[in-house]
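Can you make the complete structure from the sequences, with help from the hints?
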Amino acid sequence: MEKKQSGSPPSLIDSTVVPGDVVLDLSSMTNQTIMLGGGLRQDCDAISVMKAGTLRFSKPNKYWVESSQKRYTPCVEDTVLGIVVDSKADNFLIDIKGPVLAFLPVLAFEGGTRRNIPKFEVGTLLYLRVVKANFGMNPELSCTDASGKAAEFGPLKDGYMFETSTGLSRKLLSSPTCPVLEALGKKLSFEIAVGLNGRVWVNAATPDTIVVVANAIMNSESLSGAQQIIMVEHLLKNIQ
Amino acid sequence: MEGRLANAWRLTANDKSFIRTALLSEIRIDGRKPYEYRKIVVKFGREDGSSEVQLGQTRVMGIVTAQLVQPYRDRPKEGILSIFTEVSPMADPSFEPGHPGELAVELGRIIDRGLRESKAVDTESLCVLAGKFVWAIRIDLHILDNGGNLVDAANIAALAALLTFRRPECSLGGEDGQEVIVHPPEIREPLPLIVHHLPIAITFGFFSNDSILVIDPTHNEEAVMGGRMTTTVNANGDICAIQKAGGEGVPQRVIMQCLQLATAKAAGITKQIKEAVEVYNTERALRKIKRHPTSTGVNVKERQDQSVGK
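Residue numbers (the numbering used here), protein chains in the order written: chain A, 1 to 240; chain B, 1 to 310.
You may find that some hints are simply not true.
When the alpha-carbon atoms are kept at most 27 angstroms apart in a straight line, the in silico BS3-like pairs for lysine-lysine are as follows [as the list claims (entries may be wrong)]:
1) B:Lys16 - A:Lys70
2) B:Lys274 - A:Lys237
3) A:Lys187 - B:Lys33
4) A:Lys187 - A:Lys88
5) B:Lys16 - A:Lys88
6) A:Lys157 - A:Lys171
7) A:Lys70 - B:Lys39
8) B:Lys16 - A:Lys157
9) B:Lys16 - A:Lys119
Hints were generated in silico from the structure; no laboratory data involved.
Structure, rendered in structure tokens:
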């Protein structure tokens, strides 16, 4: 049985890879430090893929596999949208679409003390930051940024929240601005919060703007940039 | 305990109030108007009597099978029709594996009532030998994905499967004419079931503010709505069944409005199901034509000379 060796690593970058593909042959590269991100594993002299997705490379030496799922794996420093499920003495229990519920300490707010613990009802939507995410443990969240300021974190009022895949949330947060958001922003005014865990919240002045924005984003997942712009124009024409 | 909680689907407080306020301006979250149905796609499998229906995100598969059994004692000349529903947690995290929940049982009952009480399927033609052998038709409905409004999708799946099902032909034989011989499909073409009309289930959702009503609620709308009603009507305007189990009270004129809307929608859906069944039947007939892989012209005179020459 012939083992397919990828002779030249650059040819697999930005293309789809599946588990088992060998992307780098270390025997041919000496004295180099390579940093491996998610989805890649070192097998003696070969770097092979563990997760299906697109192989990405960033200078000078970072390789990783980007994939899109419905479920979210909590990572530190991710900004996510969570829903309050329960409140305990020390923590709020938050659902962030991960394998287990996450904890939000009651003091993790700007100027938070035991005297002014916020009261969140079950079903409140919060914009949060992941502080700790270890395998097997409940992740820990916070409503402040690293320096302790509120910085837009906290409860989101009104609007409409819908779920997407993790790949689409990353695309919406990428810079330069995603084509669908740019095309929508030219004609409509709305406010949007994107969680890396596959949740997006939209708010606007009128319900039909919200519905158009939500549906445009949901439809844009599998479309290319140009197709997204055409789709948005089509949707906007229908409501005007 | 926390692990299981993590799997449930949740609706935020924002969404609940947004769905209600948007409905006040007659806007639904997927862009539909209040009386608009989602796109229905009816597909069939290779076997006769298997259908898959997609109603937006909702997917249901229907399989029809038949067996020769003894009839019920009080109905010796009628066949038996039974419906089984299977829901799995793959369709919706709130479904539990194993025993069917309240929703699955209610779903089965609504469809069963629509088909049985309105006598849509002719059960007398299913009798082979009175008192001894009749055909028992079994409809299995598998819920594959719950995007809201399972009843309507499952009903369409059941009807589509019934229309394309073929039962083997059988005749009486033996020494005293009491033995039933079931002919295999290769020998005698199997027969379709006699379906007199198609009872279509149309589900309505009621919202508490200003008695707003929507047709074909999605999953989010079902979590927010105050009450629901399923009316089973056919294209001729006959009401086959109505199911309103609990939920908030609705004035009588709203019920009449629903019935009129339902009759209008039923005509369109009936047409769609019949067209899909037509396409399937044509394909099935074409599959039965056996073609030779290559057809080369044969010179008959030449062959005759050859055989004579030998």
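Now for the hints, and whether the structure bears them out:
1. B:Lys16 - A:Lys70: Roughly 22 angstroms separates the two Cα atoms, so the pair holds.
2. B:Lys274 - A:Lys237: The given pair, whose Cα atoms are some 34 angstroms apart, is violated under the 27 angstroms limit.
3. A:Lys187 - B:Lys33: holds (23 angstroms)
4. A:Lys187 - A:Lys88: violated (44 angstroms)
5. B:Lys16 - A:Lys88: Holds: lysine 16 (chain B) and lysine 88 (chain A) sit about 24 angstroms apart, inside 27 angstroms.
6. A:Lys157 - A:Lys171: holds (24 angstroms)
7. A:Lys70 - B:Lys39: holds (24 angstroms)
8. B:Lys16 - A:Lys157: With Cα atoms ~12 angstroms apart, lysine 16 (chain B) and lysine 157 (chain A) stay inside 27 angstroms; holds.
9. B:Lys16 - A:Lys119: holds (19 angstroms)
The structure does not agree with the numbered hints 2, 4 stated previously, though it agrees with the rest.
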